[in-house]
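J.: Going line by line, the protein sequences match chains Y and U.
For any residue, its number in the numbering used here is found by taking its place in the first sequence, counting from 1, and adding 185.
For any residue, its number in the numbering used here is found by taking its place in the second sequence, counting from 1, and adding 185.
Just so you know, not all the hints are guaranteed correct.
Given that identical chains are not distinguished, each listed pair holds provided it fits within a single copy or across any two copies.
As the list claims (entries may be wrong) - Below, simulated EDC-like cross-link-like pairs (lysine to aspartate or glutamate); rule was C-alpha separation at most 20 angstroms, straight line:
no., residue 1, residue 2
1, K729, D545
2, K659, E642
3, K659, E264
4, K693, E621
5, K720, D341
6, K520, D546
7, K720, D462
8, K723, D298
9, K720, D660
10, K213, D706
11, K729, E642
12, K693, E363
13, K659, D188
14, K720, D302
15, K693, D707
16, K720, E409
17, K213, D497
18, K659, E307
Derived from the structure by calculation, the hints contain no laboratory data.
Number of protein chains: 2
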Amino acid sequence: MADGRLIYCPLGGAGEIGMNCYLYGWGKPGAERFIIVDLGVTFPAMDSTPGVSLILPAIDVLRDRIDRIEAIFITHGHEDHAGALGHLYHMLGAPRVVTRAFTGAVVRGKLADHGVDADTVEVIKSYPAMTNAGPFTVGFMPVPHSIPEASGLVIDTPAGRVVHTGDFKIDPDPVVGEPFDRAAWADVAGTGIHALVCDSTNVFCPALGRSEAGLTAPVTRLIEGAGGLVVATTFASNVARLKTLAQAGVDAGRSVCIPGRAMQRILGYARSSGLVDDFPPTVEPEDARNMPHDTLMLIVTGSQGERRSGSDRLAGGNYLGFQMREGDMFLFSSKTIPGNEISVGRIVNALSEQGVTVIDDSTGAYHVSGHANRPDLEATHEIFNPAMVIPMHGEHRHLSTHASLARANGRRAGIVPNGSVAELTASGPRIVEHIETGRTYLDGSRLIGAFDGVVLERLRMATRGVVVVVLLLKDNALPGNPLAACMGLPDTPANQASLQEVLEGEIKGVLAGIGRDLPGDDDAIGQLVNRTVGKVCKNLIGRKPVVKVLINRLAA
Amino acid sequence: MADGRLIYCPLGGAGEIGMNCYLYGWGKPGAERFIIVDLGVTFPAMDSTPGVSLILPAIDVLRDRIDRIEAIFITHGHEDHAGALGHLYHMLGAPRVVTRAFTGAVVRGKLADHGVDADTVEVIKSYPAMTNAGPFTVGFMPVPHSIPEASGLVIDTPAGRVVHTGDFKIDPDPVVGEPFDRAAWADVAGTGIHALVCDSTNVFCPALGRSEAGLTAPVTRLIEGAGGLVVATTFASNVARLKTLAQAGVDAGRSVCIPGRAMQRILGYARSSGLVDDFPPTVEPEDARNMPHDTLMLIVTGSQGERRSGSDRLAGGNYLGFQMREGDMFLFSSKTIPGNEISVGRIVNALSEQGVTVIDDSTGAYHVSGHANRPDLEATHEIFNPAMVIPMHGEHRHLSTHASLARANGRRAGIVPNGSVAELTASGPRIVEHIETGRTYLDGSRLIGAFDGVVLERLRMATRGVVVVVLLLKDNALPGNPLAACMGLPDTPANQASLQEVLEGEIKGVLAGIGRDLPGDDDAIGQLVNRTVGKVCKNLIGRKPVVKVLINRLAA
Numbered sequence: 186m187a188d189g190r191l192i193y194c195p196l197g198g199a200g201e202i203g204m205n206c207y208l209y210g211w212g213k214p215g216a217e218r219f220i221i222v223d224l225g226v227t228f229p230a231m232d233s234t235p236g237v238s239l240i241l242p243a244i245d246v247l248r249d250r251i252d253r254i255e256a257i258f259i260t261h262g263h264e265d266h267a268g269a270l271g272h273l274y275h276m277l278g279a280p281r282v283v284t285r286a287f288t289g290a291v292v293r294g295k296l297a298d299h300g301v302d303a304d305t306v307e308v309i310k311s312y313p314a315m316t317n318a319g320p321f322t323v324g325f326m327p328v329p330h331s332i333p334e335a336s337g338l339v340i341d342t343p344a345g346r347v348v349h350t351g352d353f354k355i356d357p358d359p360v361v362g363e364p365f366d367r368a369a370w371a372d373v374a375g376t377g378i379h380a381l382v383c384d385s386t387n388v389f390c391p392a393l394g395r396s397e398a399g400l401t402a403p404v405t406r407l408i409e410g411a412g413g414l415v416v417a418t419t420f421a422s423n424v425a426r427l428k429t430l431a432q433a434g435v436d437a438g439r440s441v442c443i444p445g446r447a448m449q450r451i452l453g454y455a456r457s458s459g460l461v462d463d464f465p466p467t468v469e470p471e472d473a474r475n476m477p478h479d480t481l482m483l484i485v486t487g488s489q490g491e492r493r494s495g496s497d498r499l500a501g502g503n504y505l506g507f508q509m510r511e512g513d514m515f516l517f518s519s520k521t522i523p524g525n526e527i528s529v530g531r532i533v534n535a536l537s538e539q540g541v542t543v544i545d546d547s548t549g550a551y552h553v554s555g556h557a558n559r560p561d562l563e564a565t566h567e568i569f570n571p572a573m574v575i576p577m578h579g580e581h582r583h584l585s586t587h588a589s590l591a592r593a594n595g596r597r598a599g600i601v602p603n604g605s606v607a608e609l610t611a612s613g614p615r616i617v618e619h620i621e622t623g624r625t626y627l628d629g630s631r632l633i634g635a636f637d638g639v640v641l642e643r644l645r646m647a648t649r650g651v652v653v654v655v656l657l658l659k660d661n662a663l664p665g666n667p668l669a670a671c672m673g674l675p676d677t678p679a680n681q682a683s684l685q686e687v688l689e690g691e692i693k694g695v696l697a698g699i700g701r702d703l704p705g706d707d708d709a710i711g712q713l714v715n716r717t718v719g720k721v722c723k724n725l726i727g728r729k730p731v732v733k734v735l736i737n738r739l740a741a
Numbered sequence: 186m187a188d189g190r191l192i193y194c195p196l197g198g199a200g201e202i203g204m205n206c207y208l209y210g211w212g213k214p215g216a217e218r219f220i221i222v223d224l225g226v227t228f229p230a231m232d233s234t235p236g237v238s239l240i241l242p243a244i245d246v247l248r249d250r251i252d253r254i255e256a257i258f259i260t261h262g263h264e265d266h267a268g269a270l271g272h273l274y275h276m277l278g279a280p281r282v283v284t285r286a287f288t289g290a291v292v293r294g295k296l297a298d299h300g301v302d303a304d305t306v307e308v309i310k311s312y313p314a315m316t317n318a319g320p321f322t323v324g325f326m327p328v329p330h331s332i333p334e335a336s337g338l339v340i341d342t343p344a345g346r347v348v349h350t351g352d353f354k355i356d357p358d359p360v361v362g363e364p365f366d367r368a369a370w371a372d373v374a375g376t377g378i379h380a381l382v383c384d385s386t387n388v389f390c391p392a393l394g395r396s397e398a399g400l401t402a403p404v405t406r407l408i409e410g411a412g413g414l415v416v417a418t419t420f421a422s423n424v425a426r427l428k429t430l431a432q433a434g435v436d437a438g439r440s441v442c443i444p445g446r447a448m449q450r451i452l453g454y455a456r457s458s459g460l461v462d463d464f465p466p467t468v469e470p471e472d473a474r475n476m477p478h479d480t481l482m483l484i485v486t487g488s489q490g491e492r493r494s495g496s497d498r499l500a501g502g503n504y505l506g507f508q509m510r511e512g513d514m515f516l517f518s519s520k521t522i523p524g525n526e527i528s529v530g531r532i533v534n535a536l537s538e539q540g541v542t543v544i545d546d547s548t549g550a551y552h553v554s555g556h557a558n559r560p561d562l563e564a565t566h567e568i569f570n571p572a573m574v575i576p577m578h579g580e581h582r583h584l585s586t587h588a589s590l591a592r593a594n595g596r597r598a599g600i601v602p603n604g605s606v607a608e609l610t611a612s613g614p615r616i617v618e619h620i621e622t623g624r625t626y627l628d629g630s631r632l633i634g635a636f637d638g639v640v641l642e643r644l645r646m647a648t649r650g651v652v653v654v655v656l657l658l659k660d661n662a663l664p665g666n667p668l669a670a671c672m673g674l675p676d677t678p679a680n681q682a683s684l685q686e687v688l689e690g691e692i693k694g695v696l697a698g699i700g701r702d703l704p705g706d707d708d709a710i711g712q713l714v715n716r717t718v719g720k721v722c723k724n725l726i727g728r729k730p731v732v733k734v735l736i737n738r739l740a741a
């Protein structure tokens, strides 16, 4: 074996669902050559990251190592695996990007937004084809998931073969793309697997996973039983589901229309990759708008209640000229991702108010997950029979339960959370270092660190309101009146002096009491004013706001 | 029948889960006498109501009708039924408040915080005892729920008997309080029911409801199998669950400690109401702290991931001197309320990082709901056999599905959402009016309307950041430099002029270009500055902030 060590370090995804980004390195300590597996995003939330557009992995640790990055491999085209690529590509020194064909089409679109040429993306065939990347040789092993051409990676290293599953499920009939192929996986495992780095998101699901193909019949029956318009929603990128839904619509005797651009774009990628030559016939929106409601089915985005999605607009009354009415049916062919319950509920209730029958996935008949459930994870461990299992992609509870599952079956397993550098030794993963990791926010057009204080200040303003005080000082005294502006604060009751008046009066009183002996130091005056504002507000409106004091010293 | 009409109007709860408040009125149109059933709150969320402490029903419509309010009846002591009473009591003209004993103890605590005497709360016995309230005669019909002495109301009106279920379930063995008593309900129904106004929250649960008593054995087995410390969490007010958990702990041979004040307070109310004379023995925290972990069980608050709860503090490392460690077990004997997934997940992950085994309700073995499931709702309709079913307490989808369920069984049903005034005629509910309803926010010490703009301004500051510009004008010109302060905004890259500098320079440039011909009107100058700030920020940081322009005109 060459002189060096094999290291593995998640920059995202191992401690959360989303924002997947994993480093593999080989070499002498401090001189490892790296590959990056996936470069995904996670999505901001109003309650923790207001105003933020996207959350990306912090890659500071790579900034002075970009000359040692051999390539980026993207396992599949989902945002939480590929969404950060365009934003971080130049900061990573414009490295090689390697994908399969469909993922390449998705990724090229993302890179084009950042002025990166389409040729940059190197598309290779699936395993047994492999490509060299420094000390590594890497191939794409097809795995079923909820987007076409998802892949695990076969990573041959001087320490042995690593299989990085990416997101996957076991599905012998996934409708689009390669079915689960036990023999092909066994073939990958043939020479012995050093480490299986394995998706953990569905480790809490005890049932055997179900096949995409099993949905067609129940969805068809559901549509056959519907009277008015039928609308179904799912993720745009789930091409197999689009096909399942469209086929069910056609089988039920309806014309199917997919009016939205996001879904059409993905279908375009799938067509150009030769994946959906047998997609059921669809009609154009112009034609669909004039068809009787009970002969039509729409497939739209917005399964997570996203603002401005097809679902959201239908709930609001109109989407591209389509309207729902009493007796129509709306199908969520999707699972609500934890955290999205409120936005999905908003849409369901708005549709309910229009008299629409809403069907969700509570029965399990109209949606299957794209991730491997617990028994499927066990089967995967068994097929690859690795020297160690390293759970990835999940919150800590998922990683921990996945590791326990492997250990219960007599396997070696270790948890390597974000920012831990593990050496994958013959006797298992050994944490050798902890590095700075975290989150970078895309905020407007700027990338900012999660701890820069910008978002924290926004949260403070949102929870406490703001008082801005302007003081004009001359000769170290306050000649006129202070100015106080209140933002996001309730006023005093209508029959009392306004909060602003009371604040200005109190501040003037406090500063006048000191007269010409005001501190020369703006900070000291600021603290004085801050205390006064806090006291007045606490007293009058029961809260202490964020206070900003602006001091303008006039020339004498 | 006396001259008048029977009206029903929800001010909260019919279009949401929480914030229950229902009006019943009898009399000539415009001269009805009212009773209020429940006066609950709902809880604010960082993403929609930052900084707000509590959300109460807007009762503006009652302000000029307070002389026509006969009484407030509180069905049970949960916050979403009783939490607004103290805050709104005086605004409602200090009316009669009528409850059963345990609810009275809870409600007295709430009213005391607002200086209202304990004697104000009138406690009556359960049905067949009844009390007169203007044109109504009202009794409390015991129903099982997840708090002691929950009650439906039997409301005799000149138009006939109305049963308002409150929150309820069908439970023949609820561990604390009266079991479901079909004969007693049938007795209430005996003379014929005009309207059944019925809880809808669990209408989507297809299974028969399960009994509280069924939990003891599985929880006991779970605890018997545990090695280290066992901690269980549930709602403090669920006295039956506290008893179930404590009994299971004792049966499994452990000492049980309930260290938190919220749970102790509720247990105090339950003891003083004679409800838990047979509560299992517990140990004091002082003693428990020195016991070996594997002989102890704690019961704590925080089942919804609430900040500063027992669960939250244990997840953070220390709660009243108790610490969890590797091999301990934490049981959520509760269901996560939609919207709380993220905060509950935060606690689960923090415990998982400490090596604690976390058990949730996913198996259904360790928690039962306090609400009636679909088959139980059907059974309830059947027992009362009302002339009409009016679904209450639920989002629109719940009300709508509940109404469909009733209709499917050949019953008359109608949806009456918040703010709709329905006349309950012999032929069903007929909406006769829509009134202003909505939400009032407790914000610091002030009550503000949801549409006052205060919270909206906070949300705008949180999503967009703030630029405050101060201008000193003299002789209608800008003699010096403007001041720009940025809050919650990223700065320009480090090697460029700061955002503040660029803003101040641009504003000065724009105003200097106009010279002494600046608009005399502050608003016009404000708009000019606002546009400049928007343009600069959009260009440099990709977003348009909230702009506040403060103008100080100096005497010439």
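J.: Kindly indicate which numbered hints from before are broken by the structure, ordering the numbers from low to high.
T.: Going through the list in order, the structure violates hints 1, 2, 3, 4, 5, 7, 9, 10, 12, 13, 14, 16, 17, 18 and respects the others.
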